[in-house]
Structure formats: structure tokens, C-alpha cells
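Trainee: Sequence:
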Amino acid sequence: MKTDLAALILAGGRGSRLNLIAAKRAKPAVPFAGMYRIIDFTMSNVMASGIRHVGVLTQYRPTSLMEHLGDGESWDLAGRTASLKVLPPSLGRTDSDWYQGTADAVWQNLAWLRQIAPQDVLILSGDHVYAMDYRPMLAAHRRAGADLTIASMAVPWDQTDRFGVMVCDAEGRVTRFVEKSRERVSNVANMGVYIFRRDVLVEELAANCPAGRHDFGAHVIPGMLGRRAVIAHPFAGYWRDVGTLDSYWSANMDALQPEATGLDLFAWRVRTNMAGRGQVYHPPARLADGGQARDSLLGRGCVIAGEVRDSVLSPGVRVAAGARVVGSVVLHDCVIGPGARVARCILDKDVHVGAGASVGREDCLDGVNLAFPTHLSGGITVVGKGTSIPDGARVGANVLIGPGVRSGDFGDAGVVPDGATLP
Numbered sequence: 001m002k003t004d005l006a007a008l009i010l011a012g013g014r015g016s017r018l019n020l021i022a023a024k025r026a027k028p029a030v031p032f033a034g035m036y037r038i039i040d041f042t043m044s045n046v047m048a049s050g051i052r053h054v055g056v057l058t059q060y061r062p063t064s065l066m067e068h069l070g071d072g073e074s075w076d077l078a079g080r081t082a083s084l085k086v087l088p089p090s091l092g093r094t095d096s097d098w099y100q101g102t103a104d105a106v107w108q109n110l111a112w113l114r115q116i117a118p119q120d121v122l123i124l125s126g127d128h129v130y131a132m133d134y135r136p137m138l139a140a141h142r143r144a145g146a147d148l149t150i151a152s153m154a155v156p157w158d159q160t161d162r163f164g165v166m167v168c169d170a171e172g173r174v175t176r177f178v179e180k181s182r183e184r185v186s187n188v189a190n191m192g193v194y195i196f197r198r199d200v201l202v203e204e205l206a207a208n209c210p211a212g213r214h215d216f217g218a219h220v221i222p223g224m225l226g227r228r229a230v231i232a233h234p235f236a237g238y239w240r241d242v243g244t245l246d247s248y249w250s251a252n253m254d255a256l257q258p259e260a261t262g263l264d265l266f267a268w269r270v271r272t273n274m275a276g277r278g279q280v281y282h283p284p285a286r287l288a289d290g291g292q293a294r295d296s297l298l299g300r301g302c303v304i305a306g307e308v309r310d311s312v313l314s315p316g317v318r319v320a321a322g323a324r325v326v327g328s329v330v331l332h333d334c335v336i337g338p339g340a341r342v343a344r345c346i347l348d349k350d351v352h353v354g355a356g357a358s359v360g361r362e363d364c365l366d367g368v369n370l371a372f373p374t375h376l377s378g379g380i381t382v383v384g385k386g387t388s389i390p391d392g393a394r395v396g397a398n399v400l401i402g403p404g405v406r407s408g409d410f411g412d413a414g415v416v417p418d419g420a421t422l423p
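Residue numbers (my numbering): 1 to 423.
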């Protein structure tokens, strides 16, 4: 089962900044753009690049992610010449059974790499939305005789503190690497896509991880500069880290305007596993009498009797007559009752919005959630899985409503003001 290139996908992230949306699932397993999950983009990139052996490193609440990945058949990774291996943290270690960082996650799984014995190792994040053929990057890596090649892209200067950034010389060699700092030394950002020579990777992990240096960006990469050949490989397409509620909502909205944004689900030929929730058995989406849908994505099994505009609806969503959904992301099997209004919202699976209720505000583009100001701002309202919003309720902007909240939890007035959290 030896190969010249194997991929390791880091998919164990908790996604705390996604708050309610990632509370019960790993961040890469979060649904996206109707029928997909976030990890589908990395998996589809791997498939399109002809990589046949893939390890997925899981950790936080991995069940739904593991069920989604299955045996890899959806991405042509099943069979005699291909493999998909789910790699949870090793049990019985004396220090911790959990991965301590990105480098430690790979360090714990070197046995799998030794079994595959690739010449080079592609290390990827499972929570980014982008389309990339890794083969040109691999060719550049080998042509330069690099020990490590890092995919990079230019980002706005006012966003550089969100990324690891690199300073490169005229030949593209990385001379400085700064991890998520307010010091604006460069706007060339690390995309979290690495190609290591396998022997170099093993040596660097052996030198770092036992000493408590567990992260690629903070420890391994900066320590390689000046000793190893580290180069940057520029990328100019669409790429987004959907690790916050705002970026998740914005990326879903980007999918509605592929010509303007570059996020083109159809041109990218993204693959997914349709078995989840039986969505493969859903009939096509349907507009009932009087139903309207404009500039939106509708998943299979959606039934629209009201109005949907500028929104992304996952399979099985029902919008009743007189209801209106605008600028929202509505996940599987939600029900929007007669005459209800949903605006600039993220609704997790199985949410029921009662008749005549109003959730979110189309006219609010600022403000913050008072309990979680760093998680939720910009006027978006988020409702957790399985919540029932009572008839006639009034829910404002920048609101967080937890999973499983019942109609009686809204109080007699049924009003949740801007910036509030329930419960």
C-alpha cells in the first residue's frame, strides 16, 4: 500500500467560535451550502488531485463526522488501491489521550504514515471552503527540493492578525513566520495546507512534540526556518476559514453568487455522502401554489409555499404559505410556519418557527450578542437544533437561542430582544 503522496486531514477541531452550530458536532461536520458538510471541500480536493491514501484525524464529537465519511466511497477512496482511515487520539497514553495541537495529532499517527511510506505528506485542514488541485503545489515542492511547502494567499492587511503570516524572499523561500500576531509583518497568509518530505516531518516532530511544542504554526514551522528549505506556494482562488458564525453565514451567502465571489459549487464538482438523514431519498425541491424562491439554494425535499429570497435551505425544509425567509441559512427539516418571518438567521436542524413569529431582523447590520460579543455580531441571529419558537414570538437581531428550547421557555410575551441569549 505504498505511495508517493499521502494526505492527513486535521478534522478534530471543536469550533468554539461557531458556538451553537458546532456544540454537538465537530466543526468539519457542520452542514454547509444546503447538501454538503464543510469537510466535503477538502475531501473533494483530495479526490480531484488523485490522492489515494487519506487519514482523517478526529477528536471532538466525531460520531456524525465518522458516519458521514463512511468508508470513503463517496470520494473514490474505497477499494484495493485506495484507503480512508479515521484516526482518533491514541488511548492509554500517560500524558493525555487528546491531541495537544496540530503537530501532536500527526505525531500520534506516525505509525500510519510508516505503513503507507509516502515520499511526501500533504497535511490539510478539514474546515476550510476552497477548491484546489494540489498537484501543481507538489510539483513546485519537488522541483525546488523543498523540505516543506506552505500554500499561501494574500489577505487584507486589517485581517492579518487572524492568520499565520510569512515573509518570503525573491525566490519564494520563507524567511519569517509569525503566528496570529497584531504585528503586521506581511499579508501573505498561511492557508493551513502543507507538503512535508516525510523524513523531515518525522525528524521535526520528534524534536518538538516530546518537548511540549505541539503546534505547526506556533512551534514546528518557525523552528525550521534557517535550517530547512521552506517555500511558499501562492494560491489565488476562493478560500475561506469558516470558523466563526459571521464567516460561516457569509460563505453560505457567497455560494449564492458564484460569478461574483468565485465559490462555484457546480464548477468545483464537490462530492458529498448523500446517505445522511436519507436525503438521497428526498424528491426534488418543490414550489407549491403561490410559492416563490429567488437567488437561493434549495435542497432536495424542500417544499416552498411562501417566499424564499437570498437564502440557503438544506434538504427537507418546509416554508408555509405566507411565510418569508430572507438572507438566511436554514438547515435540515426545519419548518417555517404560516405567516412567519425569518431574516438574517442561521437555523440549525429541526427548528420549528411558529405561525406569525418573527425571527431576526433584515434591517440590522450591526450590534453584538451581549453574552458572546466575540462570537456573534453584525445582526445575525442563531437558533439551536430542535428548538420550537412559539406562534407570534418576536426574536431580535444578534440573538442566540440554545438547542432544544421549547415554546414555553419564551415567556408570556414571547419577546427576545436584540443581543439576548436564551436560555
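These are computed hints drawn from the structure, not numbers from a lab. Treat the hints with caution; some may be incorrect.
Stated by the list, open to error - Only pairs whose alpha carbons sit at most 30 Å apart, straight line, appear in this in silico DSBU-like list of lysine-lysine:
#1 LYS385 <-> LYS349
#2 LYS180 <-> LYS349
#3 LYS24 <-> LYS349
#4 LYS24 <-> LYS385
#5 LYS24 <-> LYS180
#6 LYS24 <-> LYS85
To be verified - Okay, the calculated beta carbon distance ranges per label pair:
#7 VAL280 <-> ARG227: 44 to 54 Å
#8 GLU259 <-> THR81: 55 to 65 Å
#9 GLY414 <-> GLY223: 32 to 42 Å
#10 LEU287 <-> GLU179: 46 to 56 Å
#11 PRO156 <-> THR374: 33 to 43 Å
#12 LEU422 <-> VAL167: 22 to 32 Å
All of these numbers come straight from a predicted model, not from anything done at the bench. All C-beta atoms, glycine included, are put in the ideal place defined by N, C-alpha and C.
Trainee: Does each hint hold? Answer for all of them.
Mentor: Checked hints:
1. LYS385 <-> LYS349: With Cα atoms ~5 Å apart, LYS385 and LYS349 stay inside 30 Å; holds.
2. LYS180 <-> LYS349: 33 Å, violated
3. LYS24 <-> LYS349: Roughly 12 Å separates the two Cα atoms, so the pair holds.
4. LYS24 <-> LYS385: 9 Å, holds
5. LYS24 <-> LYS180: 27 Å, holds
6. LYS24 <-> LYS85: 23 Å, holds
7. VAL280 <-> ARG227: 44 to 54 Å: 51 Å, holds
8. GLU259 <-> THR81: 55 to 65 Å: 38 Å, violated
9. GLY414 <-> GLY223: 32 to 42 Å: Distance hint for GLY414, GLY223 is violated at roughly 57 Å.
10. LEU287 <-> GLU179: 46 to 56 Å: 49 Å, holds
11. PRO156 <-> THR374: 33 to 43 Å: 19 Å, violated
12. LEU422 <-> VAL167: 22 to 32 Å: 47 Å, violated
The structure fails hints 2, 8, 9, 11, 12 (numbered hints given earlier, in ascending order).
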